[in-house]
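Sequences are here, hints too, so could you generate the full structure?
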Amino acid sequence: MSPLFRMRVTRPVVRSFKAAYAREAIAHVRQGGLAIFWESEKRARLVFQEPREGNDQDLGEWALLDLGKQRFDVESRGAFRGLATSLVPREHHDIVEGWVRRDSVWRGATRKVSFDCLECGACCRDNEVVLQKVDIVRFQKGGRPDLLKKPYARRRRDKKIVLTLLKSKDCRHLQKDNKCRIYPLRPDACSLFPVASECCLFAREEELGLVDGARD
9 MSPLFRMRVT
19 RPVVRSFKAA
29 YAREAIAHVR
39 QGGLAIFWES
49 EKRARLVFQE
59 PREGNDQDLG
69 EWALLDLGKQ
79 RFDVESRGAF
89 RGLATSLVPR
99 EHHDIVEGWV
109 RRDSVWRGAT
119 RKVSFDCLEC
129 GACCRDNEVV
139 LQKVDIVRFQ
149 KGGRPDLLKK
159 PYARRRRDKK
169 IVLTLLKSKD
179 CRHLQKDNKC
189 RIYPLRPDAC
199 SLFPVASECC
209 LFAREEELGL
219 VDGARD
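Here the numbering used here is used: the first residue of the sequence shown is 9, the next is one more, and so on.
Quick caveat, the hints were computed from the structure, so don't treat them as lab data.
Note that CB positions come from ideal geometry on N, CA and C, so glycine has one too.
Not one of these hints is a red herring.
Computed list of lysine-lysine pairs in BS3-like fashion (alpha-carbon distance at most 27 Å, straight line):
(1) K158 / K141
(2) K77 / K50
(3) K184 / K158
(4) K50 / K26
Distance windows between CB atoms, simulated:
(5) G62 / K26: 28 to 36 Å
(6) L174 / A87: 47 to 55 Å
(7) K184 / F210: 21 to 29 Å
(8) K50 / T172: 38 to 46 Å
(9) Y191 / K26: 41 to 49 Å
(10) A27 / I144: 42 to 50 Å
(11) L174 / E47: 41 to 49 Å
(12) R79 / R223: 28 to 36 Å
(13) K50 / K187: 42 to 50 Å
Laid out in structure tokens, this is it:
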């Protein structure tokens with residue numbers, strides 16, 4: 009791992025708690041972890057600390073995004089007061105159970121991990137990067153309006169513009185050394201993608217077989 013590109017990140021450890029262990033779930037979250045709180049056998053909530061305003065790297069909120077959700081509630085009363093919660097879609101119960109199994113080998117509420125993006129590049133493979141208005145303007149002002157057209161991009165049925173992939177499913181801009189060919193102009197979806205998020209860990213497992221914890 010190259011010291012120049014190595015990042016040391018503290019990520020939340022995911023634990024599962026039954027309804028009788030609400031106090032333990034709350035303590036785990038307040039110490040920096042993520043809790044899967046089972047209100048019943050078939051109803052679970054993701055519990056995490058309320059994200060700070062303007063923090064695009066909050067790993068609790070990104071865990072929610074990995075479940076296909078964006079909205080959450082900050083509890084105003086009761087034992088969970090001040091914590092963010094969101095119902096886990098039933099079809100994604102297996103995903104959160106996988107997080108819990110993976111983290112079962114780690115102690116504590118958080119874990120420090122080292123990442124070197126240039127030795128990885130997993131998030132640049134088999135993905136879908138949707139371009140926002142700010143990305144389009146950046147390409148145009150950067151003298152690369154061609155990046156908005158084929159072969160670099162395509163328009164979906166919903167009119168959104170997305171970057172295209174090679175037949176290998178690698179991003180067209182990913183080089184052999186895992187550097188980005190358009191790094192100064194890269195989309196916000198790429199520059200804001202948080203290291204050690206559940207999305208990041210999933211990509212590393214799917215593309216590289218790297219699991220930060222227990223295997224099934």
